[in-house]
Amino acid sequence: MTAGSHAIKAEVATRSKLRRRHSLSDMTSDAVLVLLLLGFVAPIVWMIILAFQSDRAIISMFWEIDLTLDNVASILSPAEPFRAQLVNSIIVVTGTVVLCGAASTLAAYSLSKLRLSGWLNAAVNVSCAVVPLLPPMALVPGFYVTLIQTGLLGSLTGLVILNTILNLPFATLLMKIGFDDIPPALQEAASIDGASEARTFWMIMLPLSMPSLITSSLFTAIMTWNEFLMGLTMTSGGTTSPLSVGIASLVQPYEVRWGQLAAAGSLAVVPIMIASVVASKRIIAGMTRGAVK
Amino acid sequence: MKSLFRQRSGVFSKITTVPFLLLVIGVGGYSWAQVIVMAFSRLRIEAGQFVWSPAGFDNFRDILANDVALYSVAVTTIFVIATVWLSVLLGLLLALLVQRSKRFNRLAQVVLLWPAMVAPVVVSLIWLLILSPNIGVLNKLLDTFMLPTQDWLGMEVGAIVAIVIVDVWHWTPVAFLMLYTALCAVDEEAVEAARCDGANEWQVIRYVKIPMLMPAILGTIFIRAVMGVKAFDEMYLLTAGGPNNATTLVSLHIRDVFFDQLNYGYGSAFSVLIVLLMSLIIALVLTVRTLRHSRFFMREVQE
Numbered sequence: 001m002t003a004g005s006h007a008i009k010a011e012v013a014t015r016s017k018l019r020r021r022h023s024l025s026d027m028t029s030d031a032v033l034v035l036l037l038l039g040f041v042a043p044i045v046w047m048i049i050l051a052f053q054s055d056r057a058i059i060s061m062f063w064e065i066d067l068t069l070d071n072v073a074s075i076l077s078p079a080e081p082f083r084a085q086l087v088n089s090i091i092v093v094t095g096t097v098v099l100c101g102a103a104s105t106l107a108a109y110s111l112s113k114l115r116l117s118g119w120l121n122a123a124v125n126v127s128c129a130v131v132p133l134l135p136p137m138a139l140v141p142g143f144y145v146t147l148i149q150t151g152l153l154g155s156l157t158g159l160v161i162l163n164t165i166l167n168l169p170f171a172t173l174l175m176k177i178g179f180d181d182i183p184p185a186l187q188e189a190a191s192i193d194g195a196s197e198a199r200t201f202w203m204i205m206l207p208l209s210m211p212s213l214i215t216s217s218l219f220t221a222i223m224t225w226n227e228f229l230m231g232l233t234m235t236s237g238g239t240t241s242p243l244s245v246g247i248a249s250l251v252q253p254y255e256v257r258w259g260q261l262a263a264a265g266s267l268a269v270v271p272i273m274i275a276s277v278v279a280s281k282r283i284i285a286g287m288t289r290g291a292v293k
Numbered sequence: 001m002k003s004l005f006r007q008r009s010g011v012f013s014k015i016t017t018v019p020f021l022l023l024v025i026g027v028g029g030y031s032w033a034q035v036i037v038m039a040f041s042r043l044r045i046e047a048g049q050f051v052w053s054p055a056g057f058d059n060f061r062d063i064l065a066n067d068v069a070l071y072s073v074a075v076t077t078i079f080v081i082a083t084v085w086l087s088v089l090l091g092l093l094l095a096l097l098v099q100r101s102k103r104f105n106r107l108a109q110v111v112l113l114w115p116a117m118v119a120p121v122v123v124s125l126i127w128l129l130i131l132s133p134n135i136g137v138l139n140k141l142l143d144t145f146m147l148p149t150q151d152w153l154g155m156e157v158g159a160i161v162a163i164v165i166v167d168v169w170h171w172t173p174v175a176f177l178m179l180y181t182a183l184c185a186v187d188e189e190a191v192e193a194a195r196c197d198g199a200n201e202w203q204v205i206r207y208v209k210i211p212m213l214m215p216a217i218l219g220t221i222f223i224r225a226v227m228g229v230k231a232f233d234e235m236y237l238l239t240a241g242g243p244n245n246a247t248t249l250v251s252l253h254i255r256d257v258f259f260d261q262l263n264y265g266y267g268s269a270f271s272v273l274i275v276l277l278m279s280l281i282i283a284l285v286l287t288v289r290t291l292r293h294s295r296f297f298m299r300e301v302q303e
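Chains as they are written, first to last, in the numbering used here: chain A, 1 to 293; chain B, 1 to 303.
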């Protein structure tokens, strides 16, 4: 492209910017946007406010403000199963991130950089395409029977395995996109220098794929932390269940402690909100890249 | 570019796929095979062990005779159509607004992540705190402005509207992100060219941006539709399928028959039917797409 056309383009751009800056329509569109954003944020903020309100103020018909830390304190007291559930969730998330990260990295590496036999390649590709389309609920009956047969029903190991299966296809896809970006010349160079395939992977490819591994692990962690269905159907509740199931069990048919409920929900949400502020670029990239391909 | 060195394949390349295949095909495939066997069996639990006996197509016959099962397919279809359209339209509007906005561009992208990142269980909790007829903030607001209060969760149509609103709130951000990414990739020169030709903002959106976004919009519709069929968590807590089964989506029906009525064969048979139905629809969509592509191609060739 010539310098002249650049200048024309730049001129057009500034002119249209000037025109737009003065227009009223920019302000109206910003106003609509802010209103919509409020609609998306206000419900979350309201829950966090209720977490610090007394039950009396929540039930009241009027707009009362009665700030208290009782809800958070009572939910974290040793008498409640909440602390055990928090630990369960952390264990399941850690286990799933490690298992899913290892399995997806290895599979993605061979898909992207190694010559696989045709049917192995097809098996991995087809499962990556099919598993995300299946409703998890349709798999629950089968998982339930399999876990009974292996004696893993109600155990955290069982939850780690099921969460890994549900997250593996997407994680493998993200990792494969990451490995595809690494130039094959590096692999050739290592191979010429006499490194074995395993050594090439471990010393060169794995460190280079770290950004994708972090993104995919972040996704796996969030999905597992939020997972509810498997926790609900594969554990017997109480101190054996993960946090999400514990929160749901606070909604009782007879008496609901609304303040505690809001506090538990807030404790589950705040880490995710912080993570999404810190790593928003990564999350957006992962979501859009994985979904588009 | 494909590497020339790929032909040397050692033991390592064979081992690398083992964990993946063991988990997904081994455990996942084995579990799915169990679902299929169960679908054709009658199961009882004796002394903590399953006792299987063959049942032929009995379970499938039971499904066709069950009003709740048929209703759940219908209400899921309505739910998917409503939530897909609303979330894609709202996501498109947000994408266009965010791209225009200089001041709120960055903020909007972070803030809009939140609903999608929140645990579905917490989403239903958040909306319970809003919609509850007793303590919900919506009724407090309505009361403050002297308007009649609502009890949507207690009414059949109201409950369906409520779960649609909750799902749209929860997943519009995903539609927004996908459409916004595609919008940022739209060629600026085409937009500027249209502006120079005197197109106003609305014409630029209608005749330049939306046609160029079409592949992304179709992709978003597909992904949102699959998510709609999967929906479970939000409704389980918010309405538990009620009132009078009005919000019993297919996944809630499977959980109910499998874990509450302990009708294992029927629950599995329903799972198999849903997966078959989904595969059929996806196959249909893919065929239509391929046909339209080839027709488009033919027209190109003729011209």
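Honestly, the hints are just simulated from the structure, not real lab data.
Even for Gly, the Cβ is constructed at its ideal location relative to N, Cα and C.
One or more of the hints may lead you astray.
Claimed, not checked - Interface residues of chain A toward chain B, partial, derived using beta-carbon atoms under 7 Å:
1) L33
2) L35
3) I49
4) F52
5) D55
6) M137
7) P141
8) S249
9) V251
10) Y254
Evaluation of the provided hints:
| no. | hint | result |
| --- | --- | --- |
| 1 | L33 | holds (4 Å) |
| 2 | L35 | violated (10 Å) |
| 3 | I49 | violated (9 Å) |
| 4 | F52 | violated (13 Å) |
| 5 | D55 | violated (9 Å) |
| 6 | M137 | holds (4 Å) |
| 7 | P141 | holds (5 Å) |
| 8 | S249 | violated (10 Å) |
| 9 | V251 | holds (6 Å) |
| 10 | Y254 | violated (13 Å) |
Checked against the numbered hints listed earlier, the structure breaks hints 2, 3, 4, 5, 8, 10; every other hint is satisfied.
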